[in-house]
Structure formats: C-alpha cells, structure tokens
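First to last, the sequence lines map onto chains Z and F.
Using the working numbering, you'd call the opening residue of the first sequence number 1 and step up by one each time.
Using the working numbering, you'd call the opening residue of the second sequence number 1 and step up by one each time.
FYI, nobody ran anything at the bench for these hints, they're computed from the structure.
A hint or two may mislead.
Here are the simulated PhoX-like cross-link-like pairs (lysine-lysine), alpha carbons at most 25 angstroms apart as the crow flies [stated by the list, open to error]: (1) K58(Z) x K73(F); (2) K109(Z) x K222(F); (3) K136(F) x K158(F); (4) K99(F) x K7(F); (5) K288(F) x K309(F); (6) K112(F) x K73(F).
Given the structure is predicted, the values throughout are model-derived calculations rather than measurements.
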Amino acid sequence: MKGVVFVELFEFVEQNYDVFFLQDLIEAADLPSGGVYTAVGTYPGCEMARLAAAFAQKTGLSVPEIMKKFGHHLFGRFVVNYPAFFEGGQDALSFLASIEGYIHREVYKLYPDAELPRFEIRDQTADGMALIYNSTRHLGDLCEGLILGCLDHFGEAFTLTRTTLRADDVSSIQFDLRRA
Amino acid sequence: MSDLVEKMNAIIARERASRKQAESLLETKSLELFENNRQLQASQARLEYSISVLSEIMNHAPDGVILCTDDFKIHICNRHSCELTGHAHDLLINQPVDKLVHNISLMLNRTKSGNFTFARQRLTRADGDIRIVDIKGYKGPIGQECHYVLMVQDITEKLHEEQQHSKMASQLEEARRLEAIGALSSGIAHEINTPIQFIGDNIDYLGDAMQLINQSYQRYEKLRAEVWGIEPLRDLVAEIDTFNASVDLPTMIREIRASLDDARAGIRQVRDIVRLMKEFAHPGTGQKDPVNLNELIGNVVTISRNQQKNIATISLQLDETLPQVPCRRSQIQQALLNLVLNAIDAVAETQSGSGEIAIRTCHDDEQVHLFISDTGNGIPPALRERVFDPFFTTKPVGKGTGQGLALAQDYIVTGHQGRLSLVEIEGYATTFRISLPLRAPDMNLSDQEVEHDFVS
Numbered sequence: 001m002k003g004v005v006f007v008e009l010f011e012f013v014e015q016n017y018d019v020f021f022l023q024d025l026i027e028a029a030d031l032p033s034g035g036v037y038t039a040v041g042t043y044p045g046c047e048m049a050r051l052a053a054a055f056a057q058k059t060g061l062s063v064p065e066i067m068k069k070f071g072h073h074l075f076g077r078f079v080v081n082y083p084a085f086f087e088g089g090q091d092a093l094s095f096l097a098s099i100e101g102y103i104h105r106e107v108y109k110l111y112p113d114a115e116l117p118r119f120e121i122r123d124q125t126a127d128g129m130a131l132i133y134n135s136t137r138h139l140g141d142l143c144e145g146l147i148l149g150c151l152d153h154f155g156e157a158f159t160l161t162r163t164t165l166r167a168d169d170v171s172s173i174q175f176d177l178r179r180a
Numbered sequence: 001m002s003d004l005v006e007k008m009n010a011i012i013a014r015e016r017a018s019r020k021q022a023e024s025l026l027e028t029k030s031l032e033l034f035e036n037n038r039q040l041q042a043s044q045a046r047l048e049y050s051i052s053v054l055s056e057i058m059n060h061a062p063d064g065v066i067l068c069t070d071d072f073k074i075h076i077c078n079r080h081s082c083e084l085t086g087h088a089h090d091l092l093i094n095q096p097v098d099k100l101v102h103n104i105s106l107m108l109n110r111t112k113s114g115n116f117t118f119a120r121q122r123l124t125r126a127d128g129d130i131r132i133v134d135i136k137g138y139k140g141p142i143g144q145e146c147h148y149v150l151m152v153q154d155i156t157e158k159l160h161e162e163q164q165h166s167k168m169a170s171q172l173e174e175a176r177r178l179e180a181i182g183a184l185s186s187g188i189a190h191e192i193n194t195p196i197q198f199i200g201d202n203i204d205y206l207g208d209a210m211q212l213i214n215q216s217y218q219r220y221e222k223l224r225a226e227v228w229g230i231e232p233l234r235d236l237v238a239e240i241d242t243f244n245a246s247v248d249l250p251t252m253i254r255e256i257r258a259s260l261d262d263a264r265a266g267i268r269q270v271r272d273i274v275r276l277m278k279e280f281a282h283p284g285t286g287q288k289d290p291v292n293l294n295e296l297i298g299n300v301v302t303i304s305r306n307q308q309k310n311i312a313t314i315s316l317q318l319d320e321t322l323p324q325v326p327c328r329r330s331q332i333q334q335a336l337l338n339l340v341l342n343a344i345d346a347v348a349e350t351q352s353g354s355g356e357i358a359i360r361t362c363h364d365d366e367q368v369h370l371f372i373s374d375t376g377n378g379i380p381p382a383l384r385e386r387v388f389d390p391f392f393t394t395k396p397v398g399k400g401t402g403q404g405l406a407l408a409q410d411y412i413v414t415g416h417q418g419r420l421s422l423v424e425i426e427g428y429a430t431t432f433r434i435s436l437p438l439r440a441p442d443m444n445l446s447d448q449e450v451e452h453d454f455v456s
C-alpha cells in the first residue's frame, strides 16, 4: 500500500486526537515498520489493518466506522494534494466514473508497481449509477468513505446503497448511487 | 513527566526515521531518475538517428513511398510521391489513395496481410496525365491499426523503352525477312525468266505461223472462188462453204490475232516485272547513267499496281521535256517505290480507305523535281522531324520497317547529292519532293542540310 495512505491516516489521527494518541496507537499496533512511513514509499497493507484494529480498541469505534471516516477525510486530502484531477467542472458521478480510466492510469505512470482497486461503472445516468469495487485488500469501508467524501465535495445529495457481491480472497462490493 | 518525555523521544525518533527513510527514498528515486534520464537520452538519440535515417531513406527513395491508414487515406508520403503525383505534400495527406490509383482501395482491401504486388497500374497525376506504375507493398498492423505501405515505381519510361525495343526488334526482323525475300527474288526472277522467254518465243512463233496460215488461207479462198463453177468441184466447194459458214473463219483469225497480241502484252509485263525484281535484288552502286525519271515513274506505278488496287488512283503530270538525270537507276527507282508505297498506305489508312496519289515532274536549269502527293491523313507536325529517322514508323508492327524513308533519303542525299523534302501542296495531306541535280555538284550535302521546307 502506498505510504501516502498511512501518512494521511496519521494526519487524520493527529487532527482528531493528538500526537501522543497517535504514538500510543502505533505502539499498540506493533507495526513491523515501527510506523515509519513516507508518502512515496510502499508498505505492507496488513499494517493498515493493524492500525485500524488498534484504533478501534483505543476509541471503542468499529473498524468500518473508522475506515469510512478516514476515507471521507482522505478524499478531502486528495482534493488538496492533487487539484489537477478536479479541474474541468465535473460532478460527483462523472468524477467517480473517471477514476479507473484516468486517475488510476496516471497513478500507474508514477508507480508502476502500485496495487490499486479496480472500479467498474454500470448503468450510469444523470441520476445515478452503480460503482463496483474489486480488490484483494478488502478496503470496502475506506472506499465507501471516499465516495461519501466525493459527494460532499461536489455538494450533491445521493442515497448510497452497498451490496457485497463477493467476500473471499477478493472483495467485490457494489455501491449504488441514486440522486436524492 | 518522564512518561511524557519518553513519548516525545519516541515520536521524535519515529519522525527522524521517517525523514531518513524519505531521504533514502529520495536518493534512490534521484538515482533512478538520473538513470532513467540517461536511458531516455540514449533512447532519444537512437530515436533521432532512426528518424534521421528513415527520413533520408524516405526523401531519397527513388520510388514513391506512401503509408495508408485502414480507411485507405494517405497518412505519410515521401518527396518522390509528390514528384510522381504532381501534388503538394499537404494536399496528399488525408486524401483517399483512390485519388491516385482508381479503386486501389478495393484491391488493398481484398489482399491478404503481408506483401503484395499490383503491376502496371494507372496513376493519375494532378495535371491529369497518366503514369504506369508498379505498386509493391505490405499490409499489416502498425501499432493497433492495420496499415498499408505502398512502394510506387513509375515504369512509364521503362515500358515505353521496352515497347520501342520490341518494335525495333520486330522491324529488324521484318528487315531481315525482306532482305531474304530480296535475295530470293533474284533466283525467282531467273527461274521465271526462262519459261517466260520460251512462252514469249512460242507466242511470237504462233503469231508468225498464224500470219502464214492466213496468207495461205487467202490463197485457198481465191482458188475456191475460181473453181466454184467447175462441175466436178462444185460439191466440194459447197461443202467448204457450209463448213466456213459454221466456223466464221475470218472472225476466228481476227480473235486469234487479238489473243496473241494480249498474250504478248502480258508476257512483256511479266518480263518487265522480272527485270525490275532483278534490278532491285542487285542495286547498282557504281557508275551513274542518264535516266529518264518519267520512265522510272512508269515502272514504279507498274510494280505497285497490285498495292494500288481499290485503294489509290494515281494521276501523273509528267514533264515531257524532262531532261535525263545522271543517276543510279535502281537506287532512284527504289526510293520512288518506297515513297509511292508509303503514299498508298497513307491513303488506305483514311476513314474511306481510298484516295488519290499525284506524281508530278518538272525541271529548271539546275535540277529535276519530282513531287509525290497523297490525300492520306497527313503527318502530325510533331513527327515531321522524325520521319527520316531509321526505324521510325507509325505503321503497325509487322507492317512497316521504318526504313523506307531513311533508305530513300540515303539514296537521294548521300548517293546523288539531291534533296528529299517534306513540302506542302494545297489539296494534298502529304507531299514529298525529290530534287536531283542535272550535273554532279562539287561537294556533298550533309545530313543536316536535308530540308523540311513547307511550300504553299
């Protein structure tokens, strides 16, 4: 997993708690990396699971809840860090639909070894569409948080319905967005 | 307090480690970037070299090179393509290739992937001219799409040269054949001459004998008239009268005489032709003798009678006061015959297939002139300068050798210091003038002095 996700998670924790809470979290997670991350590095995805579990244990929140909140925060950070992807007066649906064909393609140019989720778009209309998340990392909650962050960014009201299509070695989740 | 210090130290250590890791990553990435940049520069240099080489090949290729996309539009073309087609480069790009070669897209579409050859295609230039081209090429993917690479070679000149070569070879063959016929004609003339001689002698003998028989018959007739009244002979005379009345002997004798005269004329004609054949087979090159050109014209008209039949009417306007010209009889006769045969062919090629030929002679103090005119289709202005060239002919292969006029010119100009000119006379499409000096000139005219004057 790219280091930027870990770095942004630490930012999220520091913003909502403090540096000491973050340090406790890192120590509790007993990470192989020792919590030493850089945004451009690549680290084992399991460290994210360990951090989420320690986070849940320390706060009493559920892991899905934490990942959704973090996803929402992460989308806001993407807007700040990568403004080029948000130029051109798009709306939420067209932005989400362009991730696979545009943003992921750009990411692969910089990081050919990146392991990104695969998004499928179905039944796209002006009032909704289905986005199917496929990944071996099982980060459907993070994805849901990102979608919610996207809807908030564009200021559009949609109802989001989540259906798990597959949950074995590969996680496949369908997110249906319908204009409210 | 110590717990807080401990935590701060841990945080600082983690942040320091993160910074060191980031520095290390930065160094690694910088090295990667440097190496990638070096490879990129090397690739760029190779690419630029390849582009330069390709560009040189394209620009100096002796053939047109055209790259078409799968919708048969011109995507890339080289300089020679522009020269070949007469189109500016920008006007060729994105144009359908069918614009150059009609329906080539259908052929390209039908061809299988790999190499292909379309021989002898008609390429239309910007100015409307047609060039004959061989197209070789390759059909296959370049990138994701099917492309067509066409190598277009202009073979118009080559084809023309091949045709000229073939035509010349055919004319040479025809010339050899005629030469062989000429050689044979000498022997044939000899073989014909012998029986013609005794047939002629026999006809003369029959004529003489017929004369004697007639004289004898006249005497018998006189006798018959004298003895008619004598009794013992009356029955015999009556029998002779009855027989004579049934056969009409006087008429029969007149017809026999006329038949013998016709036979003598025919034999004379055959003898003349045989003599001319012998003369043609052995053209004289030696001493010039005084020759009556009007007589030669008569000979030529006789020889070409078979060719004239149903095609040309020959009218003669011969100067009765024409002085004799010192010349090699057979050469001038040959030259005249070539010109008359050409005139007959010219007349035959008209839409009606027939026409007139006029032959006129005249003279002045220095020269005799002979004009041969025809009502054929005429000689196009562009070809007038070339008609005297050896092997030049507008006749179909196997018909003309292209040597008739060249030979005539050689005989008249080189052999007799005369002139052979193409002139214009109203009412006729083509007129050749032969001028022969009445006295041998001091110097020879060179080939360059051959006239092509046009006299109205």
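Against the structure, the hints:
1. Distance hint between K58(Z) and K73(F) is unfulfilled; the C-alpha atoms sit about 69 angstroms from each other, more than 25 angstroms.
2. A distance of roughly 142 angstroms separates the Cα atoms of K109(Z) and K222(F); the hinted pair therefore is violated under the 25 angstroms criterion.
3. Restraint check: the Cα-Cα separation between K136(F) and K158(F) comes to about 17 angstroms, which is no more than 25 angstroms; the hinted pair holds.
4. For a cut-off of 25 angstroms, the pair hint linking K99(F) to K7(F) is broken: about 82 angstroms separates their Cα positions.
5. This hinted pair does not check out: K288(F) and K309(F) have alpha carbons roughly 33 angstroms apart, beyond 25 angstroms.
6. For the suggested pair K112(F) and K73(F), the alpha carbons sit about 18 angstroms apart, so the restraint of at most 25 angstroms is met.
In summary, the numbered hints that this structure violates are 1, 2, 4 and 5.
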